Structures are given as C-alpha cells and as structure tokens.
Amino acid sequence: MLDRADGQIFTGNVRLVHAVGMHARPAVKLTKLAKKFQAQISVRVAGAPEWINAKSVAKIMAMRAAHGSTIEIKASGTDAEAAVAALVDLVASDFPDGAG
Amino acid sequence: MQGGAAGSAYRGRTASIGFAHGPLVRVDAGAGGERAAGTLVEEALALRKAIDLASGQIADLAASAGGEAAQILEFQVALLEDEDLIEQIFASIGDGRPADVAWRSTLDEQIAEYNSAADEYLQARSSDLADLRDRVIHILRGDAGEPLKIPSGGVVCADDLPPSRFLEIDWSGGGGLALLHGSPTSHVAMLARARGIPMVVQLGAIPDAGATALLDGEGATLELDPSAEQVRIFEKRRESHRKSRASARAILRRPTASWRGEHIKLLINIQRVDDLEHADAQYADGIGLMRTEFLLAGRSELPDEETQFQAYDAVLRWAGQRPVTIRTFDAGGDKPVPGFTFDGEANPFLGVRGLRLCLARPEIFAVQLRALARAAVRGNLKVMFPMVTQADELEAGRKLFADVVQRLQADGIAAMLPELGIMVEVPAAALTISSFKAAFFSIGSNDLAQYVLACDRSNGALAPLMDPLHPAVLDLISRTAEHGRRAGVSVSLCGDMAGDPRCLPALLNCGLRELSVNASALAQIKQTIDRLSSGGGVG
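Chain order of the listed sequences is S and F.
With this note's numbering applied, the first sequence corresponds to residues 1 to 100, in that order.
With this note's numbering applied, the second sequence corresponds to residues 1001 to 1539, in that order.
Note that these hints are calculated values from the structure, not bench results.
Hints may be right or wrong, so weigh each one.
As the list claims (entries may be wrong) - Derived pair list, reagent style EDC-like, types lysine to aspartate or glutamate, alpha-carbon separation capped at 16 angstroms:
#1 S:K32 <-> F:E1083
#2 S:K36 <-> F:E1083
#3 F:K1437 <-> F:E1395
#4 S:K59 <-> F:E1109
#5 S:K59 <-> F:D1082
#6 S:K59 <-> S:D94
Predicted, not measured: the structure shown is a model, and the values here were computed from it.
Produce the complete structure using the sequences and hints provided.
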C-alpha cells in the first residue's frame, strides 16, 4: 500500500499474552523499543476507533489493552518494516527482560 | 476515640506482614503553597528545568535502590520522557497558565483516569503518577530535596506514600507504614514486602493526634497511644510471630510431616526450572506439579524437542530419586499462545484448552511427548494431562504417547512411557472419577472451584462467592480422595488451597495425604500440619 511521499505503511497484529495486560512494565518496554526507530508508529487494540502513538507511555497505558486482546501496529518511514517486526516480536514473546 | 484513655485501635488491610512499635510520624502530601509565576518563556524554562532535575533524582534513586524498585521508577522516568504528554503541558503554558498549574492539571487528569479504571492494578498506578506530580511541583516551588527523617522504629502515617518517598526513608532501624488509603497491590506495598517492612493500608480516618503507635501487619491494626496493657499484648503477639517463624524453619528441616500418625507428603509446584533455587525447595518430598507453559512464553517460536528435554532433564536430575510430576502444556483459557491456541473463542475458559488443545494440535503435542518420553528414562517421572473431561481423552493422549515411545525406540533412542495421570479440575471428571484408568490424580482446586461455583476467579466482584471451602468443592475433593484410597491410586492437590493454612484441616479431613505447594509456602504448611497433629489450631 503506497501512501503518498511517506512511502509504504507496514502493519502487524499480535496477541497480548502478558498476564496482566498492557500495564506499567510492558508499556515502558514497548515505548522504549518504539523510540529506537525513526518511523512514525501507531498502535491500537483491534477495532478501536483511534490509533495511538506507540512512543507515548501515558497513551499506551490509557489504551488499557487487556490480557488476550489483539494489538494492531502500523508504521511508516524509513525503518517502518523493522519497527513493526520488532514490536510484534516484543509483544509475542511476552516482554522478556532485557528487551526494549 | 474508641478506647478512651486506653488508646484507640484502627483496622485496615494487610499489605506487608510484620510488627512495628515506635513514634508515629505523620507525612503530609505537601499540598497548598503559592508560587509567583513569570513570563511565558520563564514558565516554560522553569518546567523544563524541573523535569530534568526530577528525572535525575529518580534515576539516582533507581540506581541506589536497584532491582524491583528500579523497574518501578522506570515508569516515572518514561512518563517524563513522553513527548506527547510533556508537549501538552507546554501548550498549556503557552496558553498563559503558570508552570505548576499546567503540570498539575495535566497530571491530575491522568490520575483521575487511572482512578476510574475498573481494575485494582491500574488504580494502584495512580500513586506512581501522584508521586511524580508532587516531585515536580516541589521542585517548581523550590522546597524539594528534604529527605524524611524517620526515628528508629517509627511508624510512618500518610494518606498514601509514593514509591520514591518510601525509598528516601532510611528503614535500617525498622519501622512500619500505616496508610489511610493505599492498596496492597501498589508499588510501595511490593517494596515494603521485599524489605520486610510491616504495612497496613486503608485505615480510613485517623485523628490528628497520637505520639506512639503499634502497627500489626498481620492483624492489620494500628493502635495509637496504647496503654501498658495494649503494649504488653502487642509485644506478646510480636514475639509469638517471631517464634512461629523460627519454629517453621526448624520443622521444615524434619524429614517428613505427619498427621494423626499418617505420613503427609509435601511436594512443590514449580513454574520454571529456576524455582528450584528457592532455599526451601530441597526439603520437598518431590515435585507435585511442574508447569511447562514457561517453555511457550518469551520466544517467537514453539520450543523444539531438545530445549524441552533439557528443561525436564534438569528437574529430574535435581530431584534424584524423588518423584517429578510434569504437566503437559496447559495453554488456552487465560494462557493464550500465538501459533498454538485458538483465537476468537467467546469463552476461552470453557474452550479448547489443556489436553483438549493438545489433542487438537497433535503435531505440537508430539514434540512435547517425545521430550518427555526421553526424559522418563532419566528419573522418577510422572506425566499428567490438564483439563480432562472424559476417559476417552486420557486414552487418546496415552495412544499418542505410546506411539511416540515406539517410534523413538525403533530409532534406537532411549525412551519409555512414564506413569500417566490427570488433573481433576473439570467437575464431570471428579463426578466420574472411577472411569479414568489413571496412575494418579492431582486435584487442580483453582479451576475446580471456579467451574463448580461458576465464578471467574480473577473477578474481584465475585470474591465473596469464590470460596474454595464451599461444601460442593469439598465434596468433589472427598470423592476423588475416597476413590484413590479404594483403588490404591495416589491423589494429591496442587492448587492454591494446598498452600493456605486455613484450608488445611478441611483438606486433611477430605482424606488427602499428598499436597503440592509453592516452595515459599512449604515451611508454613509443614508447621501447620505439625500443629494440627498435636491438637492445635491453624495458628
């Protein structure tokens, strides 16, 4: 999918397996990892009306993603593809220590 | 005052067990106070400097505290580095608000949002935000950096106490924490438990007087200005708590537990191989439940046979002659695994989980069975299937397992079929227990109670109904134990009930003689059995 001059938009879906859902530690890890990329990255709980900036820990927490929910990720920019892959891996692997 | 001259007592909720007797130290949140605002540019600059300073202070605290405390504080640092959040505050300053007002109103919005959340975990995070809010406000007002001086053994009393204030207090001389609000799941409660500082929360309103306090983290009470008699009783409780802990350590070292002359086997539950490093694990009679879901977490692919074999083999080597019961993958329900469990089930607790899932995914199950069959020749291994409803499922699992063993042996690989048992957690299985040709039964009381009582165990609103000692639950446990006794098949119980001293008399009376608990509960359970055996109460 081409989106004007920004180039391609990459997307991914991943199930939140973390036992308590998207709480403080997972949210910190997710935003830390997202900030390592230049790309503009957004996330939402599948089907939610609004996309949320993946680099804002306050907004990720406010998203209140529950355990077992599916997280949608989209990114655009130079390293968008790698960003989506890294974030999907982080969530799928249950936010291992040392990641992010 | 309730007690008049005798001093007054208040009751709250336990957040951390222990006792403190000392001066009452009140800590205020530091509300109020005025600050003269400057120009737009000055205000923006003031906030920027305050944020940088706060960030540095929190990083220093995290570095000196380390471990869990550091991880807790990392959330606050992440908030300060949240550009969306910070930009919103600078925009508000651009609209003409003073820095402290802009900061406070944005943080208060967030705090209100967390407080309105349904789950207690998210609510408890609001105190982390309040901590951060107050730190920056203090810096903006120029009254920051006064570490709390707590006299030795002092009882700190506050509305709520943020984690960073907790870490600024010198607890080396003991002391305790009495909060009017607060929560047992808050970060500060986790820190208090880790440090062994007694803590009671939700004490409600306490008069603005009192010089001496007695804090009992076990009974969840705070007594102010106690009489000599109150102090005497308190010190007696503290001493018996200390002795009880010391005697639990001593009893733990005895070879076996017994009750009315019968040997009670005490085994441990482990979630992962590292759990065997717990200092008390060595005193267990074996491993009653090794969960294997850890193998599915923290990796992007399902674990291969060798990875699994290494984990099972490590546990068998640790156990030596002692039995090790390994439970096959119990995924599904509240434990979804990408690439394994089914998505989109409307009611996953009643869905394709446990053995049901493994039978539906024979290619994944076969890998685990191969690893187990190879491990079986290395020690005293037993394998159990979770979430079994009828005998056919056990037989289908047995057939797959036998085929796997046969193929391994045909290839010249050492393997054998271990003893096969089932978890008893579906009420139908408990009611038709004699139809299962199992080598042993293990009662999963958490799920059994949840299914019998039709109560989601994670739903706090149902807590009063979710009683594992309900006669219907105990009846199913008795039936299973009774069947085991008649058929000569061992029956154990590995749910949370086994580690709860209050449940012990009922479990023993149901006929259970084998319990499996977390290593951290082993000493207390062994001690409780000893006490019950000598005619005492649960203590």
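A quick look at each hint next to the structure:
1. S:K32 <-> F:E1083: 12 angstroms, holds
2. S:K36 <-> F:E1083: 14 angstroms, holds
3. F:K1437 <-> F:E1395: 8 angstroms, holds
4. S:K59 <-> F:E1109: Between K59 (chain S) and E1109 (chain F) the Cα gap is close to 12 angstroms, so the pair holds against 16 angstroms.
5. S:K59 <-> F:D1082: 9 angstroms, holds
6. S:K59 <-> S:D94: 20 angstroms, violated
Against the hints set out earlier in the document, a violation occurs for number 6 only.
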